[in-house]
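Protein chains in written order, with this note's numbering: chain A, -1 to 288; chain B, 68 to 401.
Keep in mind the hints are simulated off the structure, nothing from the lab.
All of these numbers come straight from a predicted model, not from anything done at the bench.
In this text, a Cβ means the ideal position worked out from N, Cα and C, and glycines have one as well.
Fair warning: there could be bad hints in the mix.
[To be verified] Pairwise CB distance ranges, derived in the manner of DEER restraints:
| id | chain 1 | residue 1 | chain 2 | residue 2 | range |
| --- | --- | --- | --- | --- | --- |
| 1 | B | 174 | A | 199 | 53 to 61 Å |
| 2 | B | 305 | A | 181 | 41 to 49 Å |
| 3 | A | 219 | B | 174 | 38 to 46 Å |
| 4 | A | 204 | B | 238 | 43 to 51 Å |
| 5 | A | 139 | B | 81 | 54 to 62 Å |
| 6 | A | 278 | B | 74 | 54 to 62 Å |
| 7 | B | 81 | A | 105 | 42 to 50 Å |
| 8 | B | 238 | A | 3 | 13 to 21 Å |
| 9 | A | 204 | B | 389 | 57 to 65 Å |
| 10 | A | 199 | B | 238 | 31 to 39 Å |
| 11 | A | 174 | B | 351 | 50 to 58 Å |
| 12 | A | 98 | B | 81 | 14 to 22 Å |
| 13 | B | 174 | A | 204 | 20 to 28 Å |
| 14 | B | 183 | A | 174 | 54 to 62 Å |
[Stated by the list, open to error] No more than 20 Å apart at the CA atoms, straight line, and that leaves these computed lysine to any residue pairs for SDA-like:
| id | chain 1 | residue 1 | chain 2 | residue 2 |
| --- | --- | --- | --- | --- |
| 15 | B | 270 | B | 220 |
| 16 | B | 161 | A | 182 |
| 17 | B | 141 | B | 156 |
| 18 | B | 161 | A | 103 |
| 19 | B | 168 | A | 237 |
| 20 | B | 168 | A | 36 |
| 21 | B | 168 | A | 202 |
| 22 | B | 161 | A | 153 |
| 23 | B | 305 | B | 293 |
[Unchecked claim] Residues from chain B that keep clear of chain A, each with C-beta distances beyond 12 Å, as calculated:
| id | residue |
| --- | --- |
| 24 | 75 |
| 25 | 141 |
| 26 | 142 |
| 27 | 149 |
| 28 | 153 |
| 29 | 162 |
| 30 | 166 |
| 31 | 210 |
| 32 | 223 |
| 33 | 234 |
| 34 | 246 |
| 35 | 280 |
| 36 | 335 |
| 37 | 337 |
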Amino acid sequence: MATKASRSAARLMISPAVVLLLGWMLIPLCMTVYFSFLRFNLLNPGDNPFVGWENYRWFVTDPSFSAAMINTLVLVGGVLLITTIGGIMFALLLDQPMWGQGLIRIMVIAPFFVMPTVGALVWKNMFMNPVNGIFGHIAQSLGAAPIDFFSSIPLLSIVLIVSWQWLPFATLILLTAFQSLDQEQLEAAEMDGASWFNRFWYIMLPHLARAITVVILIQTIFLLSIFAEILVTTNGGPGVATTNLTYLIYVSSLLQYDVGMGSAGGVIAIILANIVAIFLMRMIGKNLDA
Amino acid sequence: MGRIALKQVQKSFGDVTVIPPLDLEIDDGEFVVFVGPSGCGKSTLLRLIAGLEDTTSGTIEIDGTDATGLPPAKRGLAMVFQSYALYPHMSVRKNIAFPMKMAGMDQAEQERRIAAAAKALNLTDYLDRRPGQLSGGQRQRVAIGRAIVREPAAFLFDEPLSNLDAALRVGMRMEISELHKKLDTTMVYVTHDQVEAMTMADKIVVLQAGVIEQVGSPLELYRAPRNKFVAGFIGSPKMNLIEGELANEHGCRTIGIRPEHVEVSTTEGQWQGTVGIAEHLGSDTFIHIHGVPGCDPLTVRADGEVSVRHGDTVFLTPRQNLIHRFDDNGMRIE
Ligand SMILES: Nc1ncnc2c1ncn2[C@@H]1O[C@H](COP(=O)(O)OP(=O)(O)OP(=O)(O)O)[C@@H](O)[C@H]1O
Ligand SMILES: [Mg+2]
Chain A
-1 MATKASRSAA RLMISPAVVL LLGWMLIPLC MTVYFSFLRF NLLNPGDNPF
49 VGWENYRWFV TDPSFSAAMI NTLVLVGGVL LITTIGGIMF ALLLDQPMWG
99 QGLIRIMVIA PFFVMPTVGA LVWKNMFMNP VNGIFGHIAQ SLGAAPIDFF
149 SSIPLLSIVL IVSWQWLPFA TLILLTAFQS LDQEQLEAAE MDGASWFNRF
199 WYIMLPHLAR AITVVILIQT IFLLSIFAEI LVTTNGGPGV ATTNLTYLIY
249 VSSLLQYDVG MGSAGGVIAI ILANIVAIFL MRMIGKNLDA
Chain B
68 MGRIALKQVQ KSFGDVTVIP PLDLEIDDGE FVVFVGPSGC GKSTLLRLIA
118 GLEDTTSGTI EIDGTDATGL PPAKRGLAMV FQSYALYPHM SVRKNIAFPM
168 KMAGMDQAEQ ERRIAAAAKA LNLTDYLDRR PGQLSGGQRQ RVAIGRAIVR
218 EPAAFLFDEP LSNLDAALRV GMRMEISELH KKLDTTMVYV THDQVEAMTM
268 ADKIVVLQAG VIEQVGSPLE LYRAPRNKFV AGFIGSPKMN LIEGELANEH
318 GCRTIGIRPE HVEVSTTEGQ WQGTVGIAEH LGSDTFIHIH GVPGCDPLTV
368 RADGEVSVRH GDTVFLTPRQ NLIHRFDDNG MRIE
């Protein structure tokens, strides 16, 4: 199949698909970049003059921008921390032989199938609501004042909800990694006098390194663009306490009808996501080669 | 020290009894080989000794003290696994150091033992490599190195050579034998290869379905197999077991004669048959002979240069004093 003729034929035949995909990706991207240099507000129709970097300057110097950056970092970092550590612990538990294993595994995986909006609303109304929520009831029955999650610890509440959604993913990947660990290695370590903790630390964790890398990479990409959970619970508030970059772009372009500003934010988000991706690939991509 | 005694040791997995109650004594410094067909419980027995499986009943004593309930690490035994079970993310040096690190041994002493083991096993140039960058034989040596540095009371080997190619296997077989001579430590070695068993063992334990069929030195087993199973298992090619008329002449149910104890002649002999397949090994020729009543084919060993063709008629004469006789239960008759 690797003759010159077949290769050029192959190139010719995949070219329509490549062109289509490229167009699909490039046209919206180019339009976003183009809009980001215009003064383009839907509330002031008319001509849309070219204004250079003005949109970018306004977007970046907006006090909510730095808040949104920090919130994004806290959100991504917090969820990554909870899901990887929690995922390792769940995977360890689920790897033990126990009664009703199949059912328990399905139940642990279940949150992943719940739509983000639905999941967030369930948490908001049934768990975290200070009056009707279960946490409120528990607090009251213990004689404590119920916590109003979304006004006193808004960002942490979002982190909790998103972690709940992503924990199954981490657990699933890490569980399969655990199952691929050669039992003889563990037995050898046991013979070598390693305690359970030492076996975990020196044998299991290094074996999991690659799976953890995958979990972090994939989750980071998705967590940078968390939106629905914020929209249905806090609307980015109180103030800008739970506004992340995605939500800020939504606020600029759809609530303030400022297409130019929104596009500028979008371009910044794309650049940031790429920086993070390159950084992550560099840092932990090594893990994937070995 | 490394005396191991199994007393009425039994092992079941659920309802399935893999090892019915069994007694076995292993003396200090002995090289004991467990041999038997696949699935007969050799690995299970070894793992019971190692402590990786719990006994269902019975006691295991190591150096006279009851070790039945002790965790593997406390038994002072080292095990070499079939898959080597090296730690893939650690260098060879770290692999070998691991048991000493777990024991909290002094750093200088660790270095000294690693150097000594590496020298003994020809691993000095590979200490900084990962297991993935080593050949099968080298990995095997690392696994042995990891076992040696602990200076255990006994070594347990579970088919350590079965992943190696034939030439390497012969080499490693000698290395392990030499290691045993040098260290003079008890070694328990599991294999299903009877050549390994014959060449390495001080004492062979033949197992079938979890039952010990016979215990003895390689030559004892070769000369006087206790029953038909051992007779067929020890020796290569297998002993010919002949039933019927020819056996009745010797007043028993079955007679056995080893291929190397039959004279082949083209002119005269006691039995007559036709040549089937002849395997020319250079030094010897193994001839499969058809037409001898009660055993088809009958294998004989002839000279390497013997010229027989498929379909030739040959005459066979067994050496009378080397015929083994077995009764109705397959047990040896003296
Ligand atoms: N964990 C287990 N659960 C149930 N049955 C088992 C278990 N481990 C081993 N067995 C059974 O015990 C018997 C003996 O197994 P074992 O591994 O000791 O055989 P072996 O002699 O080492 O064979 P091989 O030469 O193929 O390695 C087999 O029939 C096997 O199916
Ligand atoms: Mg086995």
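Practice task
For the pair we were handed, residue 161(B) and residue 182(A), check the Cα-Cα distance against 20 Å.
Solution key: 18 Å, holds
Exercise for the section: Determine whether the Cβ-Cβ distance between residue 98(A) and residue 81(B) falls within the hinted range of 14 to 22 Å. Expected result: Given a distance of about 19 Å, which is inside 14 to 22 Å, the answer is holds.
Problem - Non-interface claim for residue 335(B) versus chain A (Cβ beyond 12 Å) - result: Consistent with the label, residue 335(B) stays out of reach of chain A, its closest Cβ about 58 Å off (over 12 Å).
Handout entry: Assertion that residue 75(B) lies outside the chain A interface [Cβ separation over 12 Å]
Key = 25 Å, holds
Handout entry: Minimum Cβ-Cβ distance from residue 223(B) to chain A exceeds 12 Å
Key = Violated: least Cβ distance 9 Å, not greater than 12 Å.
Practice task
Taking the shortest Cβ-to-Cβ distance between residue 280(B) and chain A, state whether it exceeds 12 Å.
Solution key: 28 Å, holds
Exercise for the section: For the range 54 to 62 Å, tell me whether the beta carbons of residue 183(B) and residue 174(A) fit it or not. Expected result: Violated: the Cβ-Cβ distance is about 41 Å, outside 54 to 62 Å.
Problem - Beyond 12 Å from each Cβ of chain A, as asserted for residue 234(B) - result: 25 Å, holds
Problem - Agreement of residue 161(B) and residue 103(A) with the hint, judged by alpha carbon distance not exceeding 20 Å - result: Judged against 20 Å, a Cα distance of about 36 Å means the pair is violated.
Exercise for the section: Starting from residue 168(B), check that the Cα of residue 202(A) is at most 20 Å away, please. Expected result: It holds: about 17 Å lies between the C-alpha atoms, which stays within 20 Å.
Handout entry: residue 238(B) and residue 204(A) - C-beta distance against the hinted 43 to 51 Å
Key = Between residue 204(A) and residue 238(B), where Cβ atoms are some 32 Å apart, the hint is violated.
Exercise for the section: Take the C-alpha atoms of residue 305(B) and residue 293(B), compute the straight-line distance between them, and say whether it is at most 20 Å. Expected result: 15 Å, holds
Consistency with the previously given hints fails for numbers 1, 2, 4, 5, 7, 8, 14, 17, 18, 19, 20, 22, 25, 26, 27, 28, 29, 30, 31 and 32, ordered from lowest to highest.
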